[in-house]
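Got chain A sorted already, so can you dock chain B onto it with the hints?
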Amino acid sequence: MRTARVTPSLLPGFGPALGVTLLGLSLVVLAPLATLLATSLRGSPAEFLAAVTTPRVLAALKLSFLLSLGAAAVSALLGLLLGWVLVRYRFPGRRVLDALIDLPFALPTAVAGITLTTLYAPNGWLGKPLAALGVPVAFTPLGIGVALVFLGIPFTVRTLQPVLASLDPEVEDAAASLGATRVETVRRVLFPEVLPSLLTGATLAFARGLGEYGSVVFISGNMPMKTEIAPLLVMTKLEQYDVAGATALAVVLLVSSFLLLLVLNRLEAWAEGRRR
Amino acid sequence: MSAPRSREPRAVRLVLIGLALAAIGLFLLVPLAAVFVEAFRHGTGAWLAAVSDPDARHAVKLTLLVAAIAVPVNAAFGLAAGWALGKFRFPGRNLVLTLIDLPFAVSPIVAGLVFVLVFGRSSLLGGWLAGHGIEVVFAVPGIVLATVFVTFPFVARELVPLMQSQGTDEEEAARVLGAGFFKTFLRVTLPNVKWALLYGIVLCTARAVGEFGAVSVVSGHVRGATNTLPLHVETLYNEYATQGAFAAASLLTLVALAAMLAKAFLSRHAGEEAP
Numbered sequence: 240m241r242t243a244r245v246t247p248s249l250l251p252g253f254g255p256a257l258g259v260t261l262l263g264l265s266l267v268v269l270a271p272l273a274t275l276l277a278t279s280l281r282g283s284p285a286e287f288l289a290a291v292t293t294p295r296v297l298a299a300l301k302l303s304f305l306l307s308l309g310a311a312a313v314s315a316l317l318g319l320l321l322g323w324v325l326v327r328y329r330f331p332g333r334r335v336l337d338a339l340i341d342l343p344f345a346l347p348t349a350v351a352g353i354t355l356t357t358l359y360a361p362n363g364w365l366g367k368p369l370a371a372l373g374v375p376v377a378f379t380p381l382g383i384g385v386a387l388v389f390l391g392i393p394f395t396v397r398t399l400q401p402v403l404a405s406l407d408p409e410v411e412d413a414a415a416s417l418g419a420t421r422v423e424t425v426r427r428v429l430f431p432e433v434l435p436s437l438l439t440g441a442t443l444a445f446a447r448g449l450g451e452y453g454s455v456v457f458i459s460g461n462m463p464m465k466t467e468i469a470p471l472l473v474m475t476k477l478e479q480y481d482v483a484g485a486t487a488l489a490v491v492l493l494v495s496s497f498l499l500l501l502v503l504n505r506l507e508a509w510a511e512g513r514r515r
Numbered sequence: 002m003s004a005p006r007s008r009e010p011r012a013v014r015l016v017l018i019g020l021a022l023a024a025i026g027l028f029l030l031v032p033l034a035a036v037f038v039e040a041f042r043h044g045t046g047a048w049l050a051a052v053s054d055p056d057a058r059h060a061v062k063l064t065l066l067v068a069a070i071a072v073p074v075n076a077a078f079g080l081a082a083g084w085a086l087g088k089f090r091f092p093g094r095n096l097v098l099t100l101i102d103l104p105f106a107v108s109p110i111v112a113g114l115v116f117v118l119v120f121g122r123s124s125l126l127g128g129w130l131a132g133h134g135i136e137v138v139f140a141v142p143g144i145v146l147a148t149v150f151v152t153f154p155f156v157a158r159e160l161v162p163l164m165q166s167q168g169t170d171e172e173e174a175a176r177v178l179g180a181g182f183f184k185t186f187l188r189v190t191l192p193n194v195k196w197a198l199l200y201g202i203v204l205c206t207a208r209a210v211g212e213f214g215a216v217s218v219v220s221g222h223v224r225g226a227t228n229t230l231p232l233h234v235e236t237l238y239n240e241y242a243t244q245g246a247f248a249a250a251s252l253l254t255l256v257a258l259a260a261m262l263a264k265a266f267l268s269r270h271a272g273e274e275a276p
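Quick mapping for you: the protein sequence lines, in order, are chains A and B. In this note's numbering, each residue's number is its place in the first sequence (first place is 1) plus 239. In this note's numbering, each residue's number is its place in the second sequence (first place is 1) plus 1.
Worth flagging that the hints you see were computed from the coordinates, not collected in a lab. These numbers were taken from a predicted model, which means no experiment stands behind them. Glycine included, every Cβ here is placed at the ideal spot set by N, Cα and C. Hints are supplied without guarantee of correctness; some may be wrong.
Lysine to any residue pairs mimicking SDA-like chemistry, simulated, CA-CA at most 25 Å apart [stated by the list, open to error]:
#, chain 1, residue 1, chain 2, residue 2
1, A, Lys367, B, Leu20
2, A, Lys301, A, Phe497
3, A, Lys367, B, Leu22
Facing chain B, according to a computed beta carbon distance under 8 Å, are these residues of chain A, among others [stated by the list, open to error]:
#, residue
4, Gly252
5, Val324
6, Ala349
7, Thr354
8, Thr357
9, Val428
10, Glu432
11, Gly450
12, Thr486
13, Leu500
14, Val502
Now the stretches of chain A that chain B is said to cover, found in silico as 3 or more residues with beta-carbon under 8 Å [claimed, not checked]:
#, region
15, 259-266
16, 298-311
17, 316-323
18, 366-374
19, 396-402
20, 452-462
21, 489-497
Just chain A, with the same shape it has in the complex (with noise of 0.2 Å):
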């Protein structure tokens, strides 16, 4: 792999293009964050943290930081599962199958979020049965899981895939043959190996979970302080024309993602560092 140096190099076109780059980037992304970040500094420190800690963005932070975080897991978990079959086992309609794992990736959030309202509805498909059983789902905190979990499926399946493939067959009898069960091997030679990727993938879900809106509006109920998730009481205090506590609030999730995507650079890096 070679990549030429800036200067000399016998190709042009450097200059222009990173112009071009950095121009994109600064009008479309920089710019306007930092407009983001500006107004929010226009009023004192004292009524920036007035304004993130009212007991309602409070309790619209905690529902969301912990409902993305339990999503994030159930994901991880079915990641597993849906990974190592599709990757490990043969079986007839398993490429379809595979290819529907992208299904919420490509699904746009408002149609998710409408039909996964209609299908655990107190009336729905799923929800009609749920009930009976003295489980509600639609308009609960349940219901605001559920559609993350949605979400967060293919991050963390995708994430193991490419890793579960490339586990190399031998190691595992290598380990058996030292006389190790099959449980044993997989918890103490497959699970290491696959570890950093299952947590890049829970953090990717975790991260769009936290700002997901259009799939979650409209199973949650939006009831302040029980079901109303942080990005959707941005879009209130907005609508309200309270302007400095929607971005008080925005700047908060904001740092968020910026802090996750640090994460992520780590725990890429020690996911390479392991593949070596």
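The following block gives chain B in isolation, referenced to the frame of chain A:
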């Protein structure tokens, strides 16, 4: 590729496959089926009426217009980023790569809010533009900007790693043989990355057509004016016009399915481009 040997007892294997089928069925297949069942609940006639309603047709047109602007902008940006970040190494390159990924991590609501802050009537820029008769927020330009923001990384993140792994040997050879920049780019670089470029464009288009949160903040939800197709779905659903909402949603779902098919087809070709 031959099937890898499996080391679990047959019973364990069958249970795991069964659980996986149940999970995919429950979480993915049932919702997919539900979209079409609800869309055709009152028959094909009702579906046709819902999708040919003037508001629905306007929403489809606006959605296509937004995608027709956002996708080429992204493709051009992705190619520039691929050339600058894939073919050259320079200090700060990793930072630029991380910043390009930022829109993936930012909540769509935050993305929308940001453009309201920049171009709203109360901002300097928004006030100035409004004074010259240009509306951005609650109008089409705002929807386009929000869409460009959320789809920003799609093409670049496909092209940068690929162009980096392909190196610069072929381009240098073309230069030595006397080809200019544009000839080198069009005849050597572009053919080498065409499948990955298409792959990025497909992902970008799917997201541009389906974006909801960011667009929802900046659009103002004016029926027949600033409602994109996903917003039209929301409007109908909130008015309890469930069948109409699902009819519009079924169009979006068809786009999603087409994108998934194209993705499956292109990812095979894109894989061949990696050296």
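Against the structure, the hints come out as follows:
Proximity of Lys367 of chain A to Leu20 of chain B is assessed by CA-CA distance (about 22 Å); at most 25 Å being required, the pair is judged to hold. As the CA atoms of Lys301 of chain A and Phe497 of chain A are separated by approximately 18 Å, the hinted pair is consistent with the 25 Å bound. Distance restraint check for Lys367 of chain A and Leu22 of chain B: the Cα-Cα separation of roughly 22 Å lies within the 25 Å cut-off, and the hinted pair is therefore satisfied. With 8 Å as the threshold, the beta carbon of Gly252 of chain A comes within range of chain B, its nearest partner Cβ sitting at about 5 Å, so the hint holds.
This hint holds: Val324 of chain A has a C-beta 4 Å from the nearest C-beta of chain B, less than the 8 Å allowed. Look at Ala349 of chain A: its Cβ gets to within about 4 Å of chain B, closer than 8 Å, so that hint holds up. A distance limit of 8 Å between C-beta atoms decides the matter here; for Thr354 of chain A the minimum to chain B is near 5 Å, and the interface restraint holds. Evaluation of the Thr357 of chain A hint against chain B yields a held restraint, the C-beta minimum of about 6 Å falling below 8 Å.
Interface hint status for Val428 of chain A: violated, as the beta-carbon distance to the closest one in chain B is roughly 11 Å, over 8 Å. With 8 Å as the threshold, the beta carbon of Glu432 of chain A stays out of range of chain B, its nearest partner Cβ sitting at about 15 Å, so the hint is violated. Contact between Gly450 of chain A and chain B, as hinted, is supported at the beta carbon level, the nearest pair being about 3 Å apart and thus within 8 Å. A least Cβ separation of about 7 Å between Thr486 of chain A and chain B falls short of the 8 Å threshold, and the interface hint therefore holds.
Checking Leu500 of chain A against chain B by beta carbon gives a least distance of about 5 Å; that is within 8 Å, so the hint holds. The restraint placing Val502 of chain A at the interface with chain B is violated, with a minimum CB-CB distance near 10 Å, outside the 8 Å limit. Note: the region 259-266 of chain A has 5 residues with beta-carbon separation from chain B under 8 Å; the three-residue rule is met and the coverage holds. For the region 298-311 of chain A, the assignment as covered by chain B is violated, since 0 residues bring a beta-carbon within under 8 Å of that chain's beta-carbons and 3 are needed.
Check result for the region 316-323 of chain A against chain B: holds, 4 residues qualifying (beta carbon to beta carbon below 8 Å, three or more required). Under the rule that three or more residues need a Cβ within less than 8 Å of chain B, the assignment of the region 366-374 of chain A is violated, with 0 such residues. Under a criterion of three residues with beta carbons nearer than 8 Å to beta carbons of chain B, the stated coverage of the region 396-402 of chain A fails, only 0 such residues being counted. Judged by the Cβ-Cβ criterion of 8 Å, the region 452-462 of chain A is covered by chain B as claimed, because 3 of its residues qualify and three suffice.
Residue count for the region 489-497 of chain A with a Cβ under 8 Å from a Cβ of chain B: 5. That meets the three needed, and the coverage hint holds.
Violated hints for the displayed structure, listed by number in ascending order: 9, 10, 14, 16, 18 and 19.
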